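Spelled out, the chains give:
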Amino acid sequence: MVDAGELVAIIGPNGAGKTTLLSILAGIAAADGGSVELGGGAVGWVPQQAALYRRLTVEENLLLFARLEKHEDPRRSAEEMLELCGLGERRGEIVARLSGGNQQRINIAIGLLSRPAVLLLDEPSVGLDPRQRARLWEFVSGLAGGGTTVIFSTHDIQEAERYGQRLLVLADGEALFDGSAAALREVVRSEAPEAADRDFETAFVAYLQHRGH
Amino acid sequence: MRWLLLKDLQILRRSPLQAVLLIAWPLLIAVLVGFAISRDPEKPRIAFLNEVPADTRINVGNSGAQLPATGVSDRICARVECVAVEDRAEAVDKVESGDVLAALILPADLVNKINSLSTLTPGVPRVEILVNQEDPVKAQLVDERISSLLAQANLAIARRIASEGGRYLDLLIDGGQFRVAGIAVQILGLRATAQILTALEPALPRGALRNSLREVTDFATQARDNLDVAGPLLSRVAQPIAVKKEVVSGSSPPLEIFAIAVSATLTLAFVTVLLVAGSLALEREENAFSRLTRGLVSPFALLGEKVLLGMSVGFAVTLLMLAGMQLFVPLDWGRFGLWLLAILASSAALAAAGAALGALAREVRAVSLLAFMVTLPIAFLSLIPSGAVGGAVYGVVEVLTAVFPFKPALRAITAALDSAGAGIGGPLLHLAILIAAYGLLARLALRRFATV
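Each protein sequence line maps, in turn, to chains V and H.
The opening position of the first sequence corresponds to residue 1 in this note's numbering, with each subsequent residue numbered one higher.
The opening position of the second sequence corresponds to residue 1001 in this note's numbering, with each subsequent residue numbered one higher.
These are calculated hints, taken from the structure and not from any lab test.
As the structure is a prediction and not an experimental result, all values here were calculated from the model.
By construction, the Cβ of each residue, glycine as well, lies at the ideal position given by its N, Cα and C atoms.
Honestly, I wouldn't trust all of these hints.
[Stated by the list, open to error] Sample of chain V residues at the chain H side, in silico, Cβ under 7 Å:
# : residue
1 : 47
2 : 49
3 : 53
4 : 64
5 : 68
6 : 91
[Said to hold, decoys possible] Footprint (simulated), chain H over chain V, 3 or more residues, beta carbon under 8 Å:
# : stretch
7 : 21-34
8 : 160-168
[Unchecked claim] Here chain V is said to cover these stretches of chain H; the calculated rule only asks that three of the stretch's residues, wherever they fall, bring their Cβ under 8 Å from a Cβ of chain V:
#  : stretch
9  : 1011-1017
10 : 1282-1291
Please construct the entire structure, taking both the sequences and the accompanying hints into account.
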């Protein structure tokens, strides 16, 4: 159960099933078992690698997907997204010439065109420099603040601690933990006290090691 | 679908090299093929040494009939590009250096040897040919041209000799005047001989002498009758076999129409297959496929859009090429409806094949390579005529070319261009089957696309 406007981080080692879980939530992959229930509204999906046309301009990309989403006024929707991702002044630029961070912002903006109640982000900050990452999370936090539920996967444990209001730890396709970063640290304190007060990544690694991962 | 089509055209426009190639390629092909089919083939460059004295004439028999030896040079140089040389050494130099493909030398005694053919001691007239075998294709071209020239020369002389032989026979049968060393000699002839002998017979007393005279009369009559038959036979000696060509199967289009059809199909095939395959693979490479097929566009609609893209661009490019061809070869624009049908059906089948390749290969670079590797050999195989290879090999070629749309597309476009050619129905049906088959294959292959 995820609440509206909640920011959920899915973390875990390689092969844990983070992308698979997001794909199942997005309806791209079928689940072996269990079910997904949506409270209502659309699910926006933002794949790990920017899913957009690099030879089109920023505006052309947004306009294309707004048209494919069958928006009544695609130009207006594209304008809204340009404003939201802060790339209004670069609307005419070919996407391939933009930085990875800006491409990711457009990637997310396209995911938002369906006006989703839930936004799924698969490792959104991969390949971004610290400044770009900060901008991205400012943007995503703003979305959550506006009531959009955001579920994202990441390899960056510090990022998960900083921006995830709730953490879901996966390993080998199994959910090991569901709760806040502080709650996870408390679990580590009881299992591996020597790691509990160190940085969150060290604590997280100790948590996994304690469970044989 | 229209927004995706617009997007693909925008992407196409953004790649200036690709856009220029799409326009330049058909125009280049049109110009090259247009020049090739509207101009005479290049004449092979041959060194020519004529050592025969200019005033020499070829005598045919003793009647005084002559062939001018100088005309031979003109005839030869009309068929090849003659490079005059002074002597044999210069001819050898030019052949060795590659300046000419071959040298043709007419020796000084050539005419005397030809003239000796009508004497009791006939010689063997010979011409000398020096060839450079460095390039087998050019060497074959030279061999064929010179062999053809010599065959024509031999035929001309043989006809004149046969004609003179016929005149001698007529003289022998019917009699007349015959000149020997400028003196006219009257020949009686077998017909008149038999008549005189027949008239003399009653004047002789019955007996051995009269019987002998009758035998001589009979001989003269039989000889005349037999030689009457020999005359037509002699006239056929120069060219004993006449050719009667009758087409019993197939209808071959004019060469220029076939060349235009091949160029158009080749252009259509490369543009359509590469564009569709590349465009579909790009959807995956840009990671857009999963996003698109997550409720925005169905896989079938996406395939349909790619096929439509291939058909639109392929049609425009092929039409551009045909319009370019019009500058060189007049085309029957009255058949435009059939052109349209053939090009659209061909481009749809080629686009469906491109979609299947694009879905199977998934990456743009891999798909481009695959499209070339499939299209080029199939195009070559499709141009192999029956009988050019063994029956079993041709059977394999037929199967291979039947499963790819190039050959039926070529047949459809040829039928559309050639008013006297075969019907277009068969190729269109073949293309329709391939559209369905490749469409299905592409749809199945797209399932792999969706894997994350």
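Checked hints:
Taking 7 Å as the C-beta cut-off, the interface hint given for residue 47/V holds, the closest approach to chain H being about 6 Å. Using the Cβ-Cβ criterion of 7 Å, the hint placing residue 49/V at the interface with chain H is satisfied: the shortest such distance is roughly 5 Å. Checking residue 53/V against chain H: minimum C-beta separation of about 6 Å stays under 7 Å; hint holds. For residue 64/V, the suggested interface contact is upheld, since its CB lies about 5 Å from the closest CB of chain H, less than 7 Å.
With a cut of 7 Å, the hint placing residue 68/V at the interface with chain H holds, because the nearest CB-to-CB distance is about 4 Å. Restraint check, residue 91/V versus chain H: the minimum CB separation of about 15 Å is more than 7 Å; hint violated. Using a Cβ-Cβ cut-off of 8 Å, 5 residues of the stretch 21-34 of chain V lie near chain H, which meets the minimum of three, so the contact claim holds. Judged by the Cβ-Cβ criterion of 8 Å, the stretch 160-168 of chain V is not covered by chain H as claimed, because only 0 of its residues qualify and three are needed.
Note: the stretch 1011-1017 of chain H has 3 residues with beta-carbon separation from chain V under 8 Å; the three-residue rule is met and the coverage holds. As drawn, the stretch 1282-1291 of chain H meets chain V at 5 residues by the rule of a beta-carbon pair under 8 Å; at three or more, the given contact holds.
Comparing the model with each numbered hint stated earlier shows that hints 6 and 8 do not hold.
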